[in-house]
Amino acid sequence: MTDSPIASVDLVHIALPTRREHKWTGLTEPIGGYVLVKMTDRDGATGWGEAPALKDWGGEFGRYFGESPGTTMEVIRSHLAPAVVGAVPGDIVDLHARMDRIIKGFPYAKAAVEFAAYDLAGKQCGLPVHRLLGGAARKAIPVTHSIGLLGFEEAEREVAKVVEEGIKTIKIKIGVDPDRDVEMVERIRATVGPKTTLCVDANQGYATPGEAIRTFRKIEHCELKYFEQPVEGIARLAEVARAIDAPVMADESAWNAHDVIQIVEKRAAQIVSIYTTKPGGLFKAMEVAAVCRAAGIVCNVNGSVETGIGNLANIQLAAAAPAVTLSCVVPVSTPAEALGGRVGGVYYKDDLIAAPMRLVDGAIVLPEGPGMGIPADEAKIARYTVRA
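To convert, note that position 286 of the sequence shown is 286 in the UniProt record's numbering; the numbers rise steadily by one, no gaps.
Don't take every hint at face value.
[Unchecked claim] Cut-off 35 Å, straight-line C-alpha distance, at most; resulting in silico cross-link-like pairs (DSBU-like, lysine-lysine): (1) Lys168 x Lys195; (2) Lys266 x Lys139; (3) Lys349 x Lys161; (4) Lys266 x Lys380; (5) Lys55 x Lys38; (6) Lys225 x Lys349; (7) Lys104 x Lys218; (8) Lys218 x Lys380; (9) Lys104 x Lys38; (10) Lys168 x Lys380; (11) Lys195 x Lys380; (12) Lys161 x Lys218; (13) Lys380 x Lys349; (14) Lys38 x Lys349; (15) Lys349 x Lys266; (16) Lys139 x Lys195; (17) Lys218 x Lys195; (18) Lys55 x Lys349; (19) Lys139 x Lys168; (20) Lys218 x Lys55; (21) Lys139 x Lys380; (22) Lys195 x Lys161; (23) Lys38 x Lys195; (24) Lys266 x Lys225; (25) Lys104 x Lys55; (26) Lys218 x Lys168; (27) Lys195 x Lys104; (28) Lys104 x Lys161; (29) Lys225 x Lys195; (30) Lys139 x Lys225; (31) Lys168 x Lys104; (32) Lys266 x Lys161; (33) Lys55 x Lys380; (34) Lys139 x Lys38.
[Said to hold, decoys possible] The following label-pair restraints were derived from C-beta to C-beta distances: (35) Ala190 x Pro5: 36 to 46 Å; (36) Pro17 x Lys55: 36 to 46 Å; (37) Ile102 x Lys218: 45 to 55 Å; (38) Glu220 x Gly86: 51 to 61 Å; (39) Phe61 x Lys104: 16 to 26 Å; (40) Glu223 x Val365: 24 to 34 Å.
The set of hints was computed from the structure by calculation and includes no laboratory data. Virtual Cβ for every residue (Gly too), placed ideally from N, Cα, C.
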């Protein structure tokens, strides 16, 4: 065991090739063009983190702001990296204090640095990150497959294959047009049958609570697990929650523990989607989970379709946070040589981790290796680096 301090923080801008276009309401750029952080201690050990930064992703009513690869790299290079050099990787409270003193906001940039610190700390002490977070509440993470905004026939083909592969929950992106949305949900339910769990996510796409409520009433016969973020704004979300029987999930409205307190006060949602990135890292995501658990809100883990580097942080959180009991919208990160034509949970043609995540009976088996659990593949990282 060692507590060797952080010696350097390096950045890599990567772009993974996607299996198919994956979009949701409000997204205007491709997934997979993200920033990696490589943190090295004075003994030469390394840890990796990822900022799946998207300029279109920033909470409700401008409360938070989108981060691009360019802004993320500038913030880390000019502010965060100099602030954390010399810190002990496992002293996460000090790490966050250093980052928050030097610059306000930029949770995705801070999360990427923190992931690398957790990965490095776990390797220093020979423990997986979920042990550093308090231990595993579960050892298998059920996967929800998101079909994005696809055409009807393509969506039907994909969900049929995903169910055949053992995935038990499917998320349908809606919030585009009520008539299109109703037809899509009905067609997906007819394709997968009654045993597959379905949920819908509007990404704040409906103009008013009334439009969201009317649309949901037309699809509630399809037996939906939850209605995710139908409208923008906590107060408006609460209007929908009061009007329908299915649980409402908060996503864009729930970035950090303070947001969840407001959601609880307004009775705006029964479910919160927790990210490792929106609050600024695993440490603060566990705070979100603790507030939810105290309030009786159940959770899943969601994200921005991370590569394997960032997705390992998702899996560690989903294992460690007791409030996270639902199926999680996370990739099944898989390098090209291990894909074998699989589609369930697969959004990229290749990945940046040295071994595939294991999917058993529709759930990712929690990796038990030190740090984030599966090493980074530095050759793959070099292959997919974006050259300036």
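Hint check results:
no., hint, verdict
1, Lys168 x Lys195, "holds, 8 Å"
2, Lys266 x Lys139, "holds, 34 Å"
3, Lys349 x Lys161, "holds, 17 Å"
4, Lys266 x Lys380, "violated, 46 Å"
5, Lys55 x Lys38, "holds, 22 Å"
6, Lys225 x Lys349, "holds, 30 Å"
7, Lys104 x Lys218, "violated, 44 Å"
8, Lys218 x Lys380, "violated, 46 Å"
9, Lys104 x Lys38, "holds, 22 Å"
10, Lys168 x Lys380, "holds, 31 Å"
11, Lys195 x Lys380, "violated, 38 Å"
12, Lys161 x Lys218, "holds, 26 Å"
13, Lys380 x Lys349, "holds, 12 Å"
14, Lys38 x Lys349, "holds, 23 Å"
15, Lys349 x Lys266, "violated, 42 Å"
16, Lys139 x Lys195, "holds, 24 Å"
17, Lys218 x Lys195, "holds, 20 Å"
18, Lys55 x Lys349, "holds, 23 Å"
19, Lys139 x Lys168, "holds, 17 Å"
20, Lys218 x Lys55, "holds, 33 Å"
21, Lys139 x Lys380, "holds, 28 Å"
22, Lys195 x Lys161, "holds, 15 Å"
23, Lys38 x Lys195, "violated, 43 Å"
24, Lys266 x Lys225, "holds, 21 Å"
25, Lys104 x Lys55, "holds, 17 Å"
26, Lys218 x Lys168, "holds, 23 Å"
27, Lys195 x Lys104, "violated, 46 Å"
28, Lys104 x Lys161, "violated, 45 Å"
29, Lys225 x Lys195, "holds, 12 Å"
30, Lys139 x Lys225, "holds, 23 Å"
31, Lys168 x Lys104, "violated, 40 Å"
32, Lys266 x Lys161, "violated, 40 Å"
33, Lys55 x Lys380, "holds, 25 Å"
34, Lys139 x Lys38, "holds, 27 Å"
35, Ala190 x Pro5: 36 to 46 Å, "violated, 58 Å"
36, Pro17 x Lys55: 36 to 46 Å, "violated, 20 Å"
37, Ile102 x Lys218: 45 to 55 Å, "holds, 50 Å"
38, Glu220 x Gly86: 51 to 61 Å, "holds, 56 Å"
39, Phe61 x Lys104: 16 to 26 Å, "holds, 18 Å"
40, Glu223 x Val365: 24 to 34 Å, "holds, 29 Å"
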